[in-house]
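Asks: Letter by letter, the chains look like this.
Protein chains: 2
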Amino acid sequence: MKPVNLKQLAGELNLSVATVSRALNDRYDISQPTKDRVRELARKLNYEPNPYASGLRRQQSKIIGVIIPEVANHFFSLVINGIEEVARANDYHVLFYLTHDDHQRELSVARLLANGRVEGVLVSVANDKQDFSHLEALQGRGVPVVFFDRVQEETTTAKVTTNDYESSYEATRHLIDNGCRTIAHLVVSKTLSIGKRRMQGYTDALKDSGIAYEEELVVYAQASKAQDIEAIQALLLKRPDIDGIFASVESLAMSSYEACRNLGLVIPTDIKVIGFSNLETASLLDPPLTTVTQPAYAIGQEAARILFQAIIKNTPIVATQSIELKSELVVRGSTVAEMVKL
Amino acid sequence: MKPVNLKQLAGELNLSVATVSRALNDRYDISQPTKDRVRELARKLNYEPNPYASGLRRQQSKIIGVIIPEVANHFFSLVINGIEEVARANDYHVLFYLTHDDHQRELSVARLLANGRVEGVLVSVANDKQDFSHLEALQGRGVPVVFFDRVQEETTTAKVTTNDYESSYEATRHLIDNGCRTIAHLVVSKTLSIGKRRMQGYTDALKDSGIAYEEELVVYAQASKAQDIEAIQALLLKRPDIDGIFASVESLAMSSYEACRNLGLVIPTDIKVIGFSNLETASLLDPPLTTVTQPAYAIGQEAARILFQAIIKNTPIVATQSIELKSELVVRGSTVAEMVKL
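Chains E and X, in that order, give the protein sequences. Add 1 to a position in the first sequence, counting from 1, and you land on the number used in our numbering. Add 1 to a position in the second sequence, counting from 1, and you land on the number used in our numbering.
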């Protein structure tokens, strides 16, 4: 007897092909009686799933996709390790895709992944556009998505973030408490959620200390490291009263070190520097860098846990599953003179 | 008229299905007369390729896969950028897979990739086994493979490497020229090609300077950073005459800095340190690290170029396409006292 296909099953049962497929895949949105009816007939007619049907290929791939901006930043290499630990425990492989903050590439790879290759996707978004329709498209095709760190604020899915506002407030207060009055803020992006929250923490800390916010003291990341260093140097030359730098990402803290060295400014005597960073060598720098250290490994673990729950239980991910983890201020020699030589 | 499939075409032509498929895909190993015969019949019978047939899916995926040990090492983040530049120029996406030096995972993902998802693979091998049959399996399924940096010596495909022996010899000589007589060598792996070549450069440089090789001075990478630091400290305590450290990978150079600091040893006064490294912050360390800097970006570009030539022209990759690029010795304060404060 020739094996039946999904369409024939659907015809016999007077159901849509999609419903029959979802029933066979034990999806959450199909009632138990319907699942029972479909399975009974499938057994009776010796239905065998076609391994080339795209929906089933996705079910069987045992792969999740991770879309991240870059890997040179230590934050993301730690996140990756956290994700992989959970994936391995679930016997899944992880494929990574780097967007280099290019929205177009993010869009293009999301479509590619939606095309049946992965069972779920973790995303830290690129930073230049506010169009996230491609990620909704992934969800629309039944591929669960979890955002982490650089998230879409208005999403209906879960997000794993850190307390960016509070830790940015604390970092700025740390500089003020150590005598800084004119604090430059180096920002990764005007449009990214993390950029906005970190900026708010900075401005509120200034206000609460009676220090006026000056737009001139805010520098945004440029297209290259060389341009970052140049922009920081230009600001330091224009405003020799600057006595503190708060970098909202690791690369800008490193560019600050180079800019200060080029100008002959001594950290922390002439100027104090603090940065968001997961740099393993922070304590080996000259001077050791004071950091806001994000729980990067835990972010990867938590995001992956939420994703695998959805994959394995066939349930949708909802915004209420979102988690906020806490970052830690690690004080070193770049903000406190007596800590330079330990 | 019902469309014909590959099998029917093959039957009519008295050829195998594989031959017909390869003829339609313009593969190099099918003769022109056969290609012409197959195509003529395909046109006549309105043959349409089945997009779900695995061979064709591979042809159309526009994805290459890259298998690397890790991303925390700056060498690999630069290689990634080089690969992506070439892939973008060819309008391809790049998916990455990290083995964490686990041979079993490398084997498992190679099988997964062979299963029709990517059109080519670039590999830097994991370091604990000498079994590379899974990579040959990729080639056997028509997926071209290029090795880079951590390569299989006996492979029949192309390799992109650096002059590990010469640069290791030069690094060791640099320490000797700066007064070191008891030089520890920290090695990434006993079995990896790069580990062996770097070890040979070290021992030959010692011999040519009339310094005896001592097995006790060689330390292999441990399972964790904490264990690396402990092993280095143990050696430095046992052999207080050690006046130089040559680390064959970046992470071991950083662990040497931490070990020296823990023991109160001052670099470069008490002990000099040199390491293979692409660390962006090498010049910001205390003291700045003297490095053997590999042309990581170019390695990625060259490996990708060889791969895309094979993908686009449908030609096999041969060992004679292998390339060796040159590394550079960058002298900084960790080996020369007067360079500590620039």
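There could be a bad hint or two in this list.
Which copy? The list can't say, so a pair holds if one copy fits it or any two copies do.
Claimed, not checked - Each computed SDA-like pair below joins lysine to any residue, with the alpha-carbon atoms no more than 20 Å apart:
no. : residue 1 : residue 2
1   : Lys327    : Asp205
2   : Lys63     : Gln105
3   : Lys36     : Gly196
4   : Lys63     : Arg182
5   : Lys8      : Val331
6   : Lys45     : Tyr166
7   : Lys63     : Arg106
8   : Lys63     : Arg112
9   : Lys63     : Arg118
10  : Lys197    : Ile324
11  : Lys327    : Asn15
12  : Lys45     : Gly141
13  : Lys226    : His75
14  : Lys314    : His75
15  : Lys191    : Glu71
16  : Lys63     : Asn116
17  : Lys45     : Asp27
18  : Lys63     : His104
19  : Lys226    : Asn82
20  : Lys8      : Lys239
21  : Lys45     : Ile212
22  : Lys63     : Arg333
23  : Lys63     : Asp103
24  : Lys197    : Lys314
25  : Lys226    : Tyr298
26  : Lys327    : Glu339
27  : Lys63     : Leu108
28  : Lys226    : Glu13
29  : Lys45     : Thr321
30  : Lys226    : Glu86
Derived from the structure by calculation, the hints contain no laboratory data.
Asks: Run every hint past the structure and note whether it holds.
Replies: Consistency of the hints with the structure:
Proximity of Lys327 to Asp205 under the C-alpha cut-off of 20 Å is restricted to the intra-copy arrangement: shortest distance 19 Å within a copy versus 52 Å between copies. In this homomeric assembly, Lys63 and Gln105 come within 20 Å of each other (Cα to Cα) only across copies, at 16 Å, whereas the closest approach inside a single copy is 27 Å. Taking the closest pair of Cα atoms, Lys36 and Gly196 never come within 20 Å of each other, the shortest separation being 47 Å inside a single copy and 57 Å across copies. Taking identical chains as interchangeable, the C-alpha atoms of Lys63 and Arg182 are never at most 20 Å apart, the minima being 54 Å within one chain and 54 Å between chains.
Taking the shortest Cα distances, Lys8 and Val331 never come within 20 Å of each other, neither inside one copy (61 Å) nor across copies (66 Å). Taking CA atoms no more than 20 Å apart as the test, Lys45 paired with Tyr166 passes in neither setting, with 59 Å inside one copy and 67 Å between copies. Taking the shortest alpha-carbon separations for Lys63 and Arg106, only the inter-copy value of 13 Å comes in at or below 20 Å, while the best intra-copy value is 24 Å. Taking the shortest Cα distances, Lys63 and Arg112 sit within 20 Å of each other both inside one copy (18 Å) and across copies (13 Å).
With identical chains, the CA atoms of Lys63 and Arg118 are at most 20 Å apart both within one copy (9 Å) and between copies (13 Å). When the C-alpha separation of Lys197 and Ile324 is checked against a cutoff of 20 Å, the pair qualifies only within one copy, where the shortest distance is 19 Å, while the shortest distance between copies is 47 Å. Proximity of Lys327 and Asn15 under a CA criterion of 20 Å is satisfied in neither setting, with 52 Å inside one chain copy and 68 Å between copies. Within a single copy, Lys45 and Gly141 get their C-alpha atoms no closer than 32 Å, and across copies no closer than 40 Å, so neither meets the 20 Å cut-off.
For the homomeric pair Lys226 and His75, the shortest alpha-carbon distances inside one copy (16 Å) and between copies (15 Å) are both at most 20 Å. Proximity of Lys314 to His75 under the C-alpha cut-off of 20 Å is found in neither arrangement, the shortest distances being 32 Å within a copy and 38 Å between copies. With identical chains, the CA atoms of Lys191 and Glu71 are at most 20 Å apart within one copy only, with a shortest distance of 18 Å there and 31 Å across copies. Proximity of Lys63 to Asn116 under the C-alpha cut-off of 20 Å is found in both arrangements, the shortest distances being 15 Å within a copy and 13 Å between copies.
When the C-alpha separation of Lys45 and Asp27 is checked against a cutoff of 20 Å, the pair qualifies only within one copy, where the shortest distance is 18 Å, while the shortest distance between copies is 44 Å. In this homomeric assembly, Lys63 and His104 come within 20 Å of each other (Cα to Cα) only across copies, at 19 Å, whereas the closest approach inside a single copy is 27 Å. Proximity of Lys226 and Asn82 under a CA criterion of 20 Å is satisfied inter-copy only: 15 Å between copies versus 26 Å inside one chain copy. Neither within a single protomer nor between protomers do Lys8 and Lys239 lie at most 20 Å apart by alpha-carbon distance, with minima of 71 Å and 75 Å respectively.
In this assembly of identical chains, the alpha carbons of Lys45 and Ile212 never lie at most 20 Å apart, being 77 Å within a copy and 81 Å across copies at closest. Within a single copy, Lys63 and Arg333 get their C-alpha atoms no closer than 43 Å, and across copies no closer than 47 Å, so neither meets the 20 Å cut-off. For a Cα distance limit of 20 Å, the shortest separation of Lys63 from Asp103 across copies, 18 Å, qualifies, whereas the shortest one inside one copy, 27 Å, does not. For the identical chains of this complex, Lys197 and Lys314 are neighbours neither inside a copy (35 Å) nor across copies (48 Å), given an alpha-carbon limit of 20 Å.
Proximity of Lys226 and Tyr298 under a CA criterion of 20 Å is satisfied inter-copy only: 16 Å between copies versus 26 Å inside one chain copy. In this assembly of identical chains, the alpha carbons of Lys327 and Glu339 never lie at most 20 Å apart, being 27 Å within a copy and 43 Å across copies at closest. When the C-alpha separation of Lys63 and Leu108 is checked against a cutoff of 20 Å, the pair qualifies only between copies, where the shortest distance is 15 Å, while the shortest distance within a copy is 23 Å. In this assembly of identical chains, Lys226 and Glu13 lie within 20 Å of each other by CA distance neither inside one copy nor across copies; the values are 63 Å within and 62 Å between.
Taking identical chains as interchangeable, the C-alpha atoms of Lys45 and Thr321 are never at most 20 Å apart, the minima being 41 Å within one chain and 58 Å between chains. In the homo-oligomer, the alpha carbons of Lys226 and Glu86 lie at most 20 Å apart only across protomers (18 Å), although the nearest pairing inside one protomer, at 32 Å, exceeds that limit.
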